[in-house]
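There are 2 protein chains.
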Amino acid sequence: MHIAQPFNIAGVGTAVPECLVTSEELEQTLGLPKGWSEKYSGVRTRYHAEHETNSQLAAQALRQALDRAGLQPKDLNVVISAAATYDYPLPNNSCMIMHELAPEVEGITCLDVDTTCLSFLTGIDYAARLLASGDAQRVAVVSSEIASRGLNPDHKESATLFGDGAAAFILERDPRGQHGLVRQRMQTYPAAAGYTMIRGGGNAKPFRDYPYDPVMHSFHMEGKILLKYGKRILTTFIPEFFADLPLKYDDVDWVLPHQASKTALYLYYKLFPVPEERKLSNLETRGNCIAASLPTLLAEAIQSGNILPGQTCFLVGTAAGLSIGGLLWKI
Amino acid sequence: MHIAQPFNIAGVGTAVPECLVTSEELEQTLGLPKGWSEKYSGVRTRYHAEHETNSQLAAQALRQALDRAGLQPKDLNVVISAAATYDYPLPNNSCMIMHELAPEVEGITCLDVDTTCLSFLTGIDYAARLLASGDAQRVAVVSSEIASRGLNPDHKESATLFGDGAAAFILERDPRGQHGLVRQRMQTYPAAAGYTMIRGGGNAKPFRDYPYDPVMHSFHMEGKILLKYGKRILTTFIPEFFADLPLKYDDVDWVLPHQASKTALYLYYKLFPVPEERKLSNLETRGNCIAASLPTLLAEAIQSGNILPGQTCFLVGTAAGLSIGGLLWKI
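Residue numbers (my numbering), protein chains in the order written: chain A, 1 to 331; chain B, 1 to 331.
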C-alpha cells in the first residue's frame, strides 16, 4: 500500500484533569433522574478541569510523549496545536503550550490548526507533509480540550456528554516510507454551519456588547438535524474514500470513529459495521473530548499494545462546520 | 532558483468595512491631541467594522478574487482561513466564510490556521504543500480580521493603531514549477508569550466567571519589551533565512514587512535597509490589520501591477507568541 506522506510515531501521551465526575454526581447537580446520562449520552464518567488550563493538559500529555520517546522539548521542530478550545483568544495556543512546557526553548515553530472535532486529522495531515518533505525532522501534534467551561447546564444532552482531556503525538521522519499517512480527506457542508455553534464571544457577538448568557456563550447543537445530515454525508464519504485504494474498509485493522455521542456511534456502526473485536471506544469513560477524543483513543490503544506497528487505522468523524473527515494511517 | 512548493496565483481580492475612521475623528473620541495618532502609531486612516463580520469581509475579498480568476466557489478544493480573529468561537471560521459565500457548495475542505499576525504565511505554506503534492488543484487562503471590537480605548497605542480588513488569494497548481514558495520559516520564543495577549474569553479566564472588562477582554501588548525582543530575533533570523539560498536579501525584488507599527517598521528598515523604490506599506491608510495586513499589501501591489509575475517577494514579521516568520515567494 502506498504511503502518501511517510512518518513514524516516536511517542504518544495523554492527560486528563484531576477531577473525575461520575454521571451520578452530574445527574444530582443537574436535577436529572439516575441513569439518564448513561442512557442518553452513553457517558458514565468524564473528567472536568477545575483548575487546569488547555496548555497545562497539553504540556502534561506532550511531556509524557517526549519521555516515552526519550526526547527533550528542544528536539522538536514544530508543535501543532490541533483543537477547538484554547487558553486565550490571543496568542495561538501552541505558543502557550510551549510557554508551559519549556519557555526557555527558542526557535520551534508553534502553529495552530482548527477544524473543531476533527482538528487532530488536520494536524496530522500538515505534520505529515512537513516530515515527508524533509522540512521537519520531528513534529508534535497536540489536541487539548476543555469543553466543560462552555456548557449550558440547561442543555442536558451536552452537559452530560462532554469531557476534558489532551493527547500528544510525536511524529518523526520515516526515510524508508513504510509508515504514515495513506490518505486524509475532509469535506465541509457550510449550509449546516449554524447547527453546531458557540454564538457569543467572537466578532459577531463580542463580549463588549453581549453580557454573559449561558445560552449564547455555551455550546449549542441541533442534535437531530445533525444526525440526519451525518447519515447522508457518511453514506457517500466512506465509499468514495476507499474507492480507488487497494485496501478496503472491511480490511482496515482498526476503525476509530469520533466519540461524538452514543447515538452517533450507534448510527455509525449501523451504516458501516465493525466486528466487536476491532471496535475501540472511550466515550463511556471520557465523554466527547472534542478534538482530543480520537488521539486519546488512538494513543491509549497504541500504548496498551492493542494497536501494533504495521496495522492500519481509519479515523473518521463529523465536526461542527459541518465537516466530515477521514484519515487512513499505517501505524 | 529552486521552488520548493510550486503554485500560481489565479486571483487576488481585498475588502474593507464601509466605515473609514480618520485619525482626527479618533483623536476627538479618545481625547487625544490632534496629530497624536500619525505621530505615534503612523496611522492616518483605518477602517472599522460597524456592521460587518469577519466572514462577510472574507467572502467579499474571496468573491473578488474568484471573479478576477474567472472561477466559481465550487472550483475551489480547499479554503484556508488564516487569521487571529473570527465570527464565533465555534465552528472554525473557514466554514462561516463558505456559509457566507456559497452555502450550497458542498465538499470543499474548510480549515483554519492561526499564528496570529503571521497566519497568512502559515496558510500559504499549507496551501503550497497541498498544491505541490497534487492533493488539491485550487486553494483559497483568506485572512480576514476585525481588530476594532477587541480594543481598549484607554490603551491609546493600540486604539489608534489597528484597522479591519480582509484579503484573499486563490492559488492553483503550477505543473511547470516556475512560481511559488521558495522557503517559509517560523520560530517561536515562548518566554515572550505573555507580552501580547487577550487575557479574557478563553478557558484560562472564561467569560462565565469573568464579566466584561475592557482591559481583560481587549488586546494588550508590552510594546517596548517586544521591540527589544524583535530586534534581537530579527538580527539572527534574516541572515539565517538567506544563508544557504542562491538569492540574497538585497537581491529580493520586494520586501514586505508586517505593518505592525510605525516604530516597528522604522526599526526593521534600520536593521535591514530596503531602497525607497522597493518599499511597500499600507500602515498609514489601513492601520495594522493583524494577519490581513501582509496579504492586503501584497494583493494590492499585484493588482496594481507594482509587483510582476516572476518577481520575488519576502514577507516577514513578528507575531504574538512571540513568533517570527519569513516567506520567500516567486510570484
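To be clear, the hints were calculated from the coordinates, so they are not data collected in a lab.
Note that this is a predicted model, so its numbers are computed, not measured.
Each hint should be verified, as a subset may be incorrect.
The list treats identical chains as one, so a pair stands whether inside a single copy or across any two.
Keeping only pairs whose Cα atoms sit at most 35 Å apart, straight-line, the calculated DSBU-like set for lysine-lysine is [unchecked claim]:
no., residue 1, residue 2
1, Lys262, Lys205
2, Lys248, Lys34
3, Lys156, Lys205
4, Lys74, Lys39
5, Lys205, Lys279
6, Lys330, Lys74
7, Lys224, Lys74
8, Lys228, Lys39
9, Lys74, Lys156
10, Lys270, Lys205
11, Lys330, Lys34
12, Lys74, Lys34
13, Lys330, Lys205
14, Lys270, Lys224
15, Lys248, Lys74
16, Lys224, Lys205
17, Lys248, Lys205
18, Lys248, Lys262
Checked hints:
For a Cα distance limit of 35 Å, the shortest separation of Lys262 from Lys205 qualifies both inside one copy, at 32 Å, and across copies, at 31 Å. Proximity of Lys248 to Lys34 under the C-alpha cut-off of 35 Å is found in neither arrangement, the shortest distances being 43 Å within a copy and 70 Å between copies. Taking the closest pair of Cα atoms, Lys156 and Lys205 come within 35 Å of each other both inside a single copy (24 Å) and across two copies (24 Å). Proximity of Lys74 and Lys39 under a CA criterion of 35 Å is satisfied in neither setting, with 46 Å inside one chain copy and 42 Å between copies.
When the C-alpha separation of Lys205 and Lys279 is checked against a cutoff of 35 Å, the pair qualifies neither within a copy, at 41 Å, nor between copies, at 38 Å. Taking the shortest Cα distances, Lys330 and Lys74 sit within 35 Å of each other both inside one copy (27 Å) and across copies (32 Å). In the homo-oligomer, the alpha carbons of Lys224 and Lys74 lie at most 35 Å apart only across protomers (28 Å), although the nearest pairing inside one protomer, at 47 Å, exceeds that limit. For a Cα distance limit of 35 Å, the shortest separation of Lys228 from Lys39 inside one copy, 20 Å, qualifies, whereas the shortest one across copies, 58 Å, does not.
In the homo-oligomer, the alpha carbons of Lys74 and Lys156 never lie at most 35 Å apart, since the shortest distance is 44 Å inside one protomer and 38 Å across protomers. Taking CA atoms no more than 35 Å apart as the test, Lys270 paired with Lys205 passes in neither setting, with 39 Å inside one copy and 41 Å between copies. Neither within a single protomer nor between protomers do Lys330 and Lys34 lie at most 35 Å apart by alpha-carbon distance, with minima of 42 Å and 64 Å respectively. Taking CA atoms no more than 35 Å apart as the test, Lys74 paired with Lys34 passes in neither setting, with 49 Å inside one copy and 49 Å between copies.
In the homo-oligomer, the alpha carbons of Lys330 and Lys205 never lie at most 35 Å apart, since the shortest distance is 43 Å inside one protomer and 40 Å across protomers. Proximity of Lys270 to Lys224 under the C-alpha cut-off of 35 Å is restricted to the intra-copy arrangement: shortest distance 17 Å within a copy versus 60 Å between copies. With identical chains, the CA atoms of Lys248 and Lys74 are at most 35 Å apart between copies only, with a shortest distance of 29 Å across copies and 40 Å within one. Proximity of Lys224 to Lys205 under the C-alpha cut-off of 35 Å is found in both arrangements, the shortest distances being 26 Å within a copy and 32 Å between copies.
For the identical chains of this complex, Lys248 and Lys205 are neighbours neither inside a copy (45 Å) nor across copies (46 Å), given an alpha-carbon limit of 35 Å. In this assembly of identical chains, the alpha carbons of Lys248 and Lys262 lie at most 35 Å apart only when taken from the same copy (26 Å versus 58 Å across copies).
When held up to the earlier numbered hints, the structure conflicts with 2, 4, 5, 9, 10, 11, 12, 13 and 17 and fits the remainder.
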